[in-house]
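Asker: Protein sequence lines correspond, in order, to chains A and B.
FYI, UniProt numbering numbers position 150 of the first sequence as 150, with every residue one higher than the one before it.
FYI, UniProt numbering numbers position 35 of the second sequence as 35, with every residue one higher than the one before it.
Think of the hints as simulated: they come from the structure by calculation, not from any bench.
Misleading hints may appear alongside valid ones.
What the hints assert, rightly or not - Here chain A is said to cover these stretches of chain B; the calculated rule only asks that three of the stretch's residues, wherever they fall, bring their Cβ under 8 Å from a Cβ of chain A:
# : segment
1 : 67-76
2 : 139-149
3 : 193-200
As the list claims (entries may be wrong) - Label pairs and their calculated CB-CB ranges:
# : chain 1 : residue 1 : chain 2 : residue 2 : range
4 : B       : E41       : A       : L11       : 27 to 35 Å
5 : A       : A134      : B       : E210      : 45 to 53 Å
6 : A       : L30       : B       : P119      : 46 to 54 Å
7 : A       : I119      : B       : T100      : 32 to 40 Å
8 : B       : F126      : A       : L11       : 50 to 58 Å
9 : A       : L313      : B       : H223      : 40 to 48 Å
What the hints assert, rightly or not - Chain B residues, not near chain A, derived (Cβ > 12 Å throughout):
#  : residue
10 : K19
11 : G53
12 : E88
13 : F129
14 : D160
15 : G168
16 : K205
17 : T254
Cβ coordinates follow ideal geometry from the N, Cα and C atoms, glycine included.
Chain by chain, the residues:
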Amino acid sequence: MSVATWVNETLVRDKSERRIFAVLGLITVLLVVGVVTGVVGLSFLLFQVSLVGMYALLSLGLNVQWGYAGLINFSVAAFWGLGAYCAALLTAPNSPLGLGLHPVFGFLAAIVVSALVAILIGIPTLRLREDYLAIASLGLAEVIRLIILNERQWTAGSSGISGIPALIPWLPLTRLATTASVVVVLGVLIYLFLRRTHRSPWGRVLRTIRSDEDLAKALGKDTYQFKMQAFVIGSVIMAIAGAFYAHLNLYLDPSDLVPLTTFYIWIAVILGGTGSNRGAVVGAAVVIAIREGTRFINDVPAIGSLGLDVAPLRLLFVGVLIILIMRYRQDGLLPPKDELIWPAAKDKASAPSGGSPKPQTGGDD
Amino acid sequence: MSGDVYEGAHLGKADAVLKTVGLEKAFGGLVATDDVSIEVERGTITGMIGPNGAGKSTLFNLISGFYELDEGRVMVNGDDVTELEPHERARKGLVRTFQTPRRLEGMSVREAMLVGPGPQAGESVFSLFFSGDEVTREERANIKQARELLERFEIGHLIDQPSTDLSGGQLKLVELARAFTTNPDILLLDEPVAGVNPTLANDIKRFIRELNEEGQTFLIIEHDMPFIMDLADPIIVLDQGKVLMEGTPDEVRTDDRVIEAYLGGAGP
Ligand SMILES: Nc1ncnc2c1ncn2[C@@H]1O[C@H](COP(=O)(O)OP(=O)(O)O)[C@@H](O)[C@H]1O
Ligand SMILES: [Mg+2]
């Protein structure tokens, strides 16, 4: 089966999406051609792929919280930072802890610590109206940043942590190729995990909570538990993205925990299509393309000759993009299309009803 | 009206699914529920009427746990559920619908129906990965039940529609069907035919009666007098947060206090 057929059958849901995937495919081809002809540096491309992968993980995490369950989390950067610091502190030999453990332990610590912090934030806020989590998470982001900045004896404060080891050094690949492969594998695994949980009774309850929590309660669903699960799963995915970043950048300091990351991830999820995992990944790619692309705009002769520094206008481009999306594709690039029904049950069970004018193939529609 | 015209509801029923004892609720200075004790006998369609603002919806919210009680107790099947959360009361068999229909954004009618049954194995992330077959089996059974119920309610053709595209009446039917899939001991319906066209309202009446004949107990708030008089027996009359009386439709229809309550309510 060719790649195009596979994409068409598993990812594309309707005609308008075919165009989006065609554009994405074209860009991929151009990048590959660019690398082959030497226009684009391979290590540059691999670094960008790693960044997109990391942003995709963050967006997938936020999508579980906001897209599935309607939870407003403004501490994406904080959970990401927690994960990054867990990895850096445990694995860098010259970190204040000085343990120099295997990266696996960094990832495990990131998972455990982020889950605990998510539960601690969730307990007082998830029983209340949705705005309480929003406010608490705003506070959390700042608290975590300040703790890392000021508790020097534990975190090295503003001098940062260097000497973080690279991932899987024995692979016969360059460091960046290994890192990019790791994030792709992580991304695929987490994507598959989320896809399975989304199209299921669990995902259905979350969507019900998102659109009407009282209704879910009236039908006997323990909405607090469901929201907690979504919040913890999303936060853990964000922390995994952070742990990955520590091993991508090999150096970490508190200035990486800027709230701007949280903003970019929200944009990625909304741009991609709130509630859609495919959308979260594509949204992440678009945001990175803008963020990194604007770095090079000054090099374009026509723009450089204007004597204008365009890079700082990055946020303006993001703003314009949001307006365009809201105008022409209100639900985002790839809004959720699947019925949240367990695919294995759907095929046979919905077949006998027949007479449905809507053409259906397999588990997707 | 003096206090003693409030006769209260009939108590001491043989087999009460739902029982409330001295429910009290005030919003600031406004007493919305004032010493309400009622009982709903198993197998009945019990009606609840009263002028606008009499406190009917508030009473439902208290019974189902969505509002916190100031005073009083709620019992389901003899168990005290006063301290339980709304979802726990639902699990005990006490299931309610809402006065304003709840639309599920981004869900088809089929999906909206499937939220009803519970607890489902597939509502646990763990089961999704380790007992996939059980999830599949349950999901198939639930899809089948949803389709059959929608067909029975003569809206089987809507199963693929986005639930946001339904008319108010169709939505009320889906809500009734979904509430029924929770397998409740008592269904509390808040104005099931408000804003529904007469034809569909008649259908809804027929379906409620059918379910009742199969043993389903109902407590129904309704503003539409002919509808509720035709469907329910007994009927409880609420006025200014208090139980005015309980009786057969005929007794209620001819009761002077009820007439006065409605005329008074329609006054200034
Ligand atoms: N959440 C609330 N906050 C304040 N007042 C309320 C609230 N809910 C109901 N009320 C008041 O309680 C009274 C009874 O309302 P309600 O139970 O909705 O009446 P009904 O359903 O019989 O028309 C009204 O005066 C209403 O304004
Ligand atoms: Mg009401």
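Asker: Does each hint hold? Answer for all of them.
Answerer: Verification of the hints:
1. With a cut-off of 8 Å between beta carbons, the segment 67-76 of chain B has 0 residues touching chain A; three or more are needed, and the interface restraint is violated.
2. Restraint check on the segment 139-149 of chain B versus chain A: 5 residues with Cβ-Cβ distances below 8 Å, three needed, restraint holds.
3. Interface restraint, the segment 193-200 of chain B with chain A: violated (0 residues with C-beta to C-beta distance below 8 Å; minimum three).
4. Between B/E41 and A/L11 the C-beta distance comes to about 56 Å, which lies outside the given range of 27 to 35 Å.
5. For A/A134 and B/E210, the Cβ-Cβ distance of about 46 Å falls inside the hinted range of 45 to 53 Å, so the restraint holds.
6. Range check, A/L30 to B/P119: about 51 Å between beta-carbon atoms, so the 46 to 54 Å window is met.
7. One distance hint, 32 to 40 Å for the beta-carbon pair A/I119 and B/T100, holds here, with the actual separation near 34 Å.
8. Here the CB-CB span from B/F126 to A/L11 is close to 28 Å, at odds with the stated 50 to 58 Å.
9. For A/L313 and B/H223, the Cβ-Cβ distance of about 59 Å falls outside the hinted range of 40 to 48 Å, so the restraint is violated.
10. The non-interface label for B/K19 is consistent with chain A: the shortest C-beta to C-beta separation is roughly 20 Å, beyond 12 Å.
11. Under the 12 Å C-beta cut-off, the non-interface status given to B/G53 relative to chain A holds; the minimum distance is some 21 Å.
12. The claim that B/E88 lies off the interface is violated: its Cβ sits roughly 8 Å from the closest Cβ of chain A, which falls inside the 12 Å cut-off.
13. Separation of B/F129 from chain A is inadequate, the least Cβ-Cβ distance of about 7 Å not exceeding the 12 Å criterion.
14. Non-interface status of B/D160 relative to chain A is broken: a Cβ of that chain comes within 12 Å, the nearest being about 6 Å off.
15. Distance check for B/G168 against chain A: the nearest CB is about 16 Å away, which clears 12 Å, and the non-interface claim stands.
16. Listed as a non-interface residue, B/K205 keeps its Cβ farther than 12 Å from every Cβ of chain A; the least gap is roughly 22 Å.
17. With a closest Cβ-Cβ approach of about 36 Å to chain A, B/T254 is found to remain outside the 12 Å limit, as its non-interface label requires.
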